[in-house]
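Asker: With these hints in hand, go ahead and build the complete structure from the sequences.
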Amino acid sequence: MKKMVSLACVMALAVSMMAGCSSKSEETKAAETTADTVAETTAETAGESAAAGDSGKLIMATEAGFAPYEYTEDGETVVGVDVDIANEIAKAMGKELEIQNMTFDGALLAVQQGVVDFAAAGISVTPDRQEEMDFTIEYATSKQVVVVKKDAGKIGSVDDVKEGTVVGVQMGTTGDFYCTDDLGCEVKQFSKYAEAALELKNDKLDCIVMDSLPAEQLVAANDDLEILDGELFTDKYAIAVKKGNTELLDQINEVLQQLIDEGKIDEYTINHTTK
Amino acid sequence: MGNWLISAWERFEKAFLVSDRYVAYLNGFKTTLIISLFAVLLGVAVGLILAIIKYTANHVEKNIILTLLNWIANIYIGIIRGTPVYVQLLIIYFIIFAKMNTSPIVAAVLCFGINSSAYVAEIIRAGIEAVDAGQMEAGRSLGLGWGQTMVSIIMPQAIKNILPALGNEFIVLVKETAIVGTIAVRDVTKAAQNVGAITYDLLPPLLITAAMYLVVVIILTKLLSMFERRLAQSDRR
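Chains as they are written, first to last, in our numbering: chain A, 1 to 275; chain B, 1001 to 1237.
Please keep in mind that the hints were generated in silico from the structure rather than gathered at the bench.
This one's a predicted model, so the numbers in the text were calculated from it and none came from an experiment.
There's no promise every hint is true.
Chain A side only, calculated, beta carbon under 8 Å to chain B, not exhaustive [as the list claims (entries may be wrong)]:
id	residue
1	Leu109
2	Ala152
3	Asn222
Glycine residues also receive a C-beta, built at the ideal position from the N, C-alpha and C atoms.
Answerer: And the structure:
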C-alpha cells in the first residue's frame, strides 16, 4: 500500500513536470503568434530571455572538431573561420565573445533553449531546423564529400553510397540526416570525426560523409584515407539564433553581409586551410 | 623495434607537446578535480541530511513532519538513482539552467553533487543501521543520552562501515565527470577529444587522459586505505 502511494506520487510529480514543460512551450508559441502582430514587443522579450541579454558577454556555442570552421590548435582555445566571424560580430556589438565548445547536437539544443546567444558550427539550414531556431544569411557553401579507405574497393564512386552502405557521420549533422533519411544507409553516429576516421581505418565503416574542407584536413592527416571525386550533395552554412530573437539576428546579418562583401570570409577560410 | 618506438614517440609528442597541448590536459585535469571535489562536498552534505532524515524517521520517532520528509527523501533518492547522470546533466544545463546565465562548471558541480547525494544518503544510512541495535541499548542502559550514544558509540562504528563504500562512491564520481564535455566544460577528457580532433590520432590523447584518471584514483585509494587502517587500530581481532 505504501509503495503504491509513493509510486502514485512519483508519477504525479513526473506528470506535473511534463505539464510544466508543455505549458512553457505553449507560452513560447503564444509569444510567437504575437510576434507576427507586434514585432517590436517580441524583439524585446527575446532580448531579455537571451542568455547574455544585458551582460557584456556574447556567448557562442560550437563543436570544435570541424576544421577549418572551428578547431583547437592547443587542445583548448577554439579557433577557425566561424570564430573569426564571431569575433567581428562581438566587436560590432561592443561585447566580449565567450565560446562554449560542446557537441554539435548540444550546440543546436543550447541555442534553442537560449543557454547561448548563437551557435556557429558550420550549421546547414534545413526546414526542420528552421522550425526550432532562426537562421542568419548563409555565409559559406559546403560540398558534402565521401571519404574512404584507400584500396578498400567497396565504394568506388559517390553513387555507390546507397541503401545498406555503412556510413560514419557526426551526430545531428546534415550528412547524418541525408544518409539516414534520403539514402537509407546504415548510419553510425559519432561526436567527433576523428572517431569516425578511426573506425574507417579499422574497416568498421565503408565511408564517412562530411564537409569537403574538414575532409581535406582529415585526409591530409591520414595517408591511408582519400576523398572520392564529386560530391554527394551541397548545402549552405548559417549562424543560428534563438527563435524570435530578431534583434540579434539583424545585428549578425549586418556584420555577415559586410564580411561577405569585403571578401573577408574567403580570407579567413584561406588563413585556416593553408598552414 | 626502433622504428616502432620512434613512431610511438612521435604520436605522443603530437598529442602532448606540440603547440603546448599539455597545458590543455593540465587545465582540463584541474577542472576535473575541481568539479569532483565540490561535487563530493555537496554530495556528502546533502546525503548526510537525507540519511539523518531517513534514519530518524524510521528508528527514532514517528511524527507527521518526519514522515513527510522521509517520503520526500525517498522520492528524491528514487528519481536521482533511477535516472542516468548523463541525462540529468543535459536536463540541468539545457533545460533547468536555460534561462540563467550559469557557468557550465557550476551546472556540472550541482549535477554530480545532487547525483552523488542520493548514493551517499543510502551508504550512510546503511552504515548506521548496520551497527547492532544492542549497542544503543547498552549505551542507554549505562545512562548515556540518545545523542551521546549516537556520537560516542554508534557513529564511530558506523564510520567504519561507511568509509569503504563512500570511497567507492568518490572514485566513481571522479570518473563519471568525464561526460561534462557535452555541456562545454573543458575537462581532461574534452582536452583529449579536442587534441584527437585536430591530430586525427585518437589513441595517444585517450591514453594520456586514462593515465591521469588512474593516478587520481590510485592516490584516492591509497588515502582511503590509510584512513581505514588508522580506524581499524582499535579493533580487537
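Asker: List in ascending order the numbers of the hints, as given earlier, that are violated by the structure.
Answerer: 2
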